[in-house]
Amino acid sequence: MPRLSSLWNLANPTRFLGLADRLLPWLAALAAALLAVGLYLSFFVAPPDYQQGETVRIMFIHVPAAWLGLFMYVMMSASALGTLVWRHPLADVAQKAAAPIGAAFTFVCLVTGSLWGKPMWGTWWVWDARLTSVLVLFLMYLGIMALWRAVDDPGRAARAVAVLTLVGVVNIPIIKFSVDWWSTLHQPAAVFRIDGPTIHPSMLWPLLVMALAFTVLAVALHVAGMRNEILRRRVRSLWLMEAERLDAGAETAAGAAR
Amino acid sequence: MTRAFLALVLRDLRLAARVGGSGAMGLVFFLMLVAVVPFALGPDLNLLARIGPALLWFSAVLATLIGLDRLFQTDVEDGAIDLILSSDTPLEVLVAAKGVAHWLTTGLPLALLAPLFGLLLALTPGAMLAVAATLVVGTPALTFIGAVGAALTASLGRGGLLLAILVMPLMVPTLIFGVSAANAATGGTIAFLTPFLILAALSLVAIVIGIFAAAAALRQSA
Amino acid sequence: MSDPHAGFIIASYALTGLVVGGLVLRAVVEHRALRRALEQLEARGVRRRSARQETAR
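Residue numbers (this note's numbering), protein chains in the order written: chain A, 1 to 258; chain B, 1 to 222; chain C, 1 to 57.
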């Protein structure tokens, strides 16, 4: 089974480091190129919207950020399964590296949404179903990151976070459903609906390119984060080894002196 | 297994009743919250009556959170968890027993006393009954969602604030449907039964997920 | 851009740039610091077990 064995090789942290070192420059270059094209398209090619004017350009970062906020959570959940079922150290690392990236993009989504809402709706924030669900997602990211920081031992932290992430993934549809219900119950007086007109191709292309650019960027950041996390664990275990050796050395020295 | 379950529930109930137990503490905190909020909002009885169900529900969430951080901590510290891990009794039974005991000492008294506190907020008898009914049905969800957080932070020693951060986003659906049902009973456009039944379903789901997830979390940290 | 809402658009892109730039910067700075720490440890003769076996072979 050559496929399986190559996958197994990749799962070895040292192999992963080698691969990451080779892959990252390409990923970074690809992300930069796509971002350049996407920014050009969204600023100079996409026409202003007939209703929203130039403000619609915020969409080209807002929507990809929202997509990545969800995408990184799915990534974390898949890694959480890897942690709990196969107890694989690389899954722990993938889980940990994904959290801050997902939180950052969710944050970008919230703030750009707010900056878009102010000129369009006349208010920075509406308790609209979508905004509220994203806010809860952001809170869950913050909780996960807080749990990572609270447990010292990386292996134990990974398993605890994995349980929390999976409980969260079961709850996300329930939260979405309940927030939808809640927001139809408290329908605000006059809210500009974003989902009114279908999107025109002249705006769809810049949006797709930007979404792809953000995705490649997030994958590059994730790989870089995983590489850093592996190195951090190495440094940590080496420090522990050194401390142990120094301890033992001090003891034998003390024994010899006695 | 039933006997082990009952023994564990009784043990926790006895512990809650003893000196140092947190049995009545949640209730006192609940009363404090209900008594302090009018100082912030002003004594307008119409306003208080309108937001009363929401206020009682929110206070119930906070009061449940307060007692949760010690749910498994004492058992991790004194080694009771290790004993259960090495016995035939599954850890899930321990979690279920702890959850039931916690609900009996926190959620149920909160629900039963809610009508009394409703008097302070000028609730109508119908609204009081609705709040009590939704709290009886909804607080198991709060307890068992909280149990997951309690299990995750059990071995940390300083889990109180972290527990609240982890668990509160997950309590959003329960809060939404609890308050909706309580408000629906006192008038409004929707039938009482729709949100009430969803609330009941949320509780059942939370009990199942909570038991297995909390047991998994305890096993991981042990 | 003569749009009345130019400020909002610029602010959105600037913030996104800042956050993404921050993520990239964090990754690069951390990577450098960790590589340096590893080099220092290796210079002091602290090696991972697997690395020692490789040199012994």
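Don't read these hints as lab results, they were simulated from the structure. Just so it is clear, CB atoms sit at the ideal spot from N, CA and C, and this is done for glycine as well. A hint or two may mislead.
[What the hints assert, rightly or not] Cβ-to-Cβ under 8 Å is the rule here; a few derived chain C residues that face chain A: (1) A6; (2) I9; (3) L25; (4) A43; (5) V46.
Now the hints, each set against the structure:
1. A6: holds, 7 Å
2. I9: holds, 5 Å
3. L25: Cβ of C/L25 sits 11 Å from chain A, so the hint is violated.
4. A43: violated, 12 Å
5. V46: holds, 5 Å
Comparing the model with each earlier hint shows violations of hints 3 and 4; every other hint is respected.
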